[in-house]
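A.B. asks: Residues -17 to -1, 1 to 907 (mature numbering (1 follows the signal peptide of the UniProt record, and there is no 0)) make up the sequence shown, in order.
If you're looking for bench data, these hints aren't it; they were derived computationally from the structure. Cβ atoms here follow ideal geometry from the backbone N, Cα and C, with glycine treated the same way. Any given hint might turn out to be false.
Said to hold, decoys possible - Here are the computed lysine-lysine pairs in the DSS-like style, where the Cα-Cα straight-line distance is at most 25 Å: (1) Lys427 with Lys245; (2) Lys292 with Lys458; (3) Lys304 with Lys471; (4) Lys427 with Lys67; (5) Lys304 with Lys458; (6) Lys182 with Lys267; (7) Lys292 with Lys240; (8) Lys510 with Lys493.
Said to hold, decoys possible - Pairwise CB distance ranges (calculated): (9) Thr393 with Pro351: 26 to 34 Å; (10) Ser781 with Pro675: 29 to 37 Å; (11) Gln208 with Lys548: 32 to 40 Å; (12) Ser781 with Asp713: 19 to 27 Å; (13) Gln208 with Ala523: 50 to 58 Å.
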Amino acid sequence: MLLLLLLGLLTLGLSVCMEELKCTSLARAAQPELAKICGNLCSSHTTDMYQYYYVRQCNIFYSLNFREFQFAETMIFAAEEINKNPGILPNHTIGYIIYNACGYTNILKSATALVTGPEEIDNSNNCTKTKRVQAIIGHSGSTPTIGLARMLGKFQIPVVSTSIQFSNMNILPKISFPTFFRTIPSDYYQSRALAQLVKHFGWTWVGAVSSDNDYGISGMATFLQVAQQEGVCVEYYEAFDSTGPYHMLLRVVHVIKHSTSKVIVAFMTHREVKMLVEELQRQKITGLQWIGSDAWITDNSITASGAHKALVGAIGFVVSKTQIEGLQNFLQQLHPSHFPQSSFIGEFWETVFNCTLSPQSLSTSVRPCSGFEHLESVQNEFTDVSELRFTYNVYKAVYAVAHALHNLYTFGHSSGLINSNTIPVCLFSAQVLHSLQTVNFTLKTGEKVFFDSNGDSPARYDLINLQNVKGSTLKVATIGYYDASLPKGQQFIMSDVNIVWRGGSREVPKSMCSESCPPGTRKAVQKGKPVCCFDCVPCAEGEISNATDLLDCVKCQSEYWSNEKRDACILKETEFLSYGDLMGLLLALLSLTGACLTMAVVLIFYCYRSTPIVRANNTELSFLLLFSLTLCFLCSLTFIGRPSQWSCMLRHTAFGVTFVLCISCVLGKTIVVLMAFRATLPGSNVMKWFGPPQQRLSVLAFTLIQVLICVLWLTLSPPFPNKNMKYYKDKVILECDVGSAVGFWAVLGYIGLLSLMCFVLAFLARKLPDNFNEAKFITFSMLIFCAVWITFIPAYVSSPGKFTVAVEIFAILASSFGLLFCNFIPKCYIILFTPEKNTKNKLEVWIISLYHMYKVKVSLPHTRAGLRSLPGNTGYKAREGRGHTQNGTPIRHKAPQAGLEPQPYRKAGLSSNPLRHHTPYYIY
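When you get a sec, could you build the whole thing from the sequences and use the hints?
C.D. replies: This is the structure in structure tokens:
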């Protein structure tokens, strides 16, 4: 507490023109330590008059604070510099009165003296005439400054602080602190900068310690609030005061010792820091990373602590430093002879040079001062101007008041603030206050000085790193900057400078309750613990987190899916039945195989088109059926490949039309076979309605109905390609949406109706004679066809993705192969491997059908017919039927003898011979 008593936290005052007030003296104030009072400044010509006052010694011992003394001398330097500058306050001189605070009580007495001014007895009015200052450059302590600001605000005297930063001064400034200004940024910005600094290095689990006064409590309150917004958790917050009981310090050390955080944010003065570090060193608590406020981070006095090495690696924000030209030389020229009545300068001189200025106090241990001592030969905190940070704020404050007075004298007449009729011109405090609120100028250092509505200066900080301690001097490096006037996100800038961390380490320390959650996970807060204590939970499928420590995973868009690491969304895999798939390739080969087999059957039938078995199976319908089967096999290829608008419309319509054409041909053949054997009555003309023209017409009619259904389907709601995302989460199924479900099932239903009719008719004709009877083969083929498509429906509905298409292709191929094999493979087998069965003498019963269907002329040569007589009953007469030999000679048939095989018409299930009343014909 060296500044509180001998020089203490100095209260600096500027005096210009004093108002004339009549009042009653209640008490005598303390005398100033240093003063220069202007005499008769109201006139146009100034007379400089220096008055020095002796000040009593403080009753309690405190060591000298060279830093505070440097502030006082800087104020004097600035005042002298302004007085020499003809551009500022020409023909006027700035004076000053400097008081030694020497305790809180003396601070209030000094403030009272500055308000009332030195006393002069006015005999004419029997009262005192006072000269009071127009502005006060205030105390460097937070609590006294609040008292000064509140008290002097009643008198409208501006108080300009050079070191008080706590943010509480921003609360209702027009009411509580109407005259408060400061040339140092508010702690509100420093606290925010500290929180962003902690967040920048990833320290999410920190401890906080502050001074138990307005400076520490208000600054830490802002830090805690912003830290919470930045996602930083404070494990503990403790406060103590350097003048408080020792057990409070021990309590703070105990909390730090049992904490898990390795970073401490210390918002306190150098006095509390020294006490805390020494106690931590005494209890061997090391490995801590210190984050400091500007009240101690550059204060060389902390080097006096035996544990100052523990602070190496500390980082913190301080006001920007600069160079004041001529200040160092001014400080080095200081001599006690300049202020012979100042006890403080004398004590300062004796301390620096270890000598005494009082002959009566000579002792054998202290030599007398020779008078040749000079401050140029020493290096201490007073003469060191390498880190002019707070000192520069004093310099700015003096210039701010000077410019306010200059503006008032220069522009006050035109604005009406000064009455030009009054000579000499005297100023009121309210006028100075108003002018100071609007001051705006640029110093010779290039910095622009102004005050906002709260009386605050722009917030600019240097981020420094305490890298070494050399003797009694801190070696710091500027590693970054903070400018609150810049947009958010650009305020904090790091420099490319190597940082020394705790204990001289080059590795950034870690301080977190839980390890950072890597990309692909999210934070899940542990129950009953702060938000910085969490578990890392992997993102769910379809969600990602592409940064560390995210609270929630982000869901991918509908066409995207999360990768295996859950840190990026990738396009979903598209699935469709392609030729590259093994299943698609096999189905394509089966389709082509079926088409090739069908063409082979066509070739066989064409080559053997004149043989009885080909001619007996309705050659025209057979070739049309083979053609439609070829189309059925080939249309399955349209189902393979990437769906498009045209392929979706083609695949379903081609399938529907070709299958109806195929079933129509089979149905025509079935009807002909059935009607041929059912028309048993002689003279019946039923078969004339089922001749070749009628068969062609029926096939065309059945097919046109399906074509009409497909046209309506394509017109109203055609199939279209669709991306189906319902079956799989990580896949997109490219499929053909049927568009209108009614149209799709109408096509299938019509095919099923024709198939069912064909199956029923073929089933009724299953017991017709065996030789060349197609009814059984048609029945079996229709049985396969219906079984395939009945099982297709549930399989089609339940199969996902490309398997739906595969099921449909399989149904097409299976039914097509069934029709091909059942209807044509037996005939091809007879044609190729048993040609002896492909003869006319095997057409016993088929003669009947041929006759009724085609009215063809048939001939039954007896040597090749295998019968001894024409088909007929026992009473059939030979003259009723005539035959011919192979050379064309007519023969007469005899009646069949006993023991021969039954009549063929009875084997066919007929009750009488259908040729009984008809004359047989040759087959041409």
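A.B. asks: So which of those numbered hints doesn't the model satisfy?
C.D. replies: 1, 6, 9, 10 and 13
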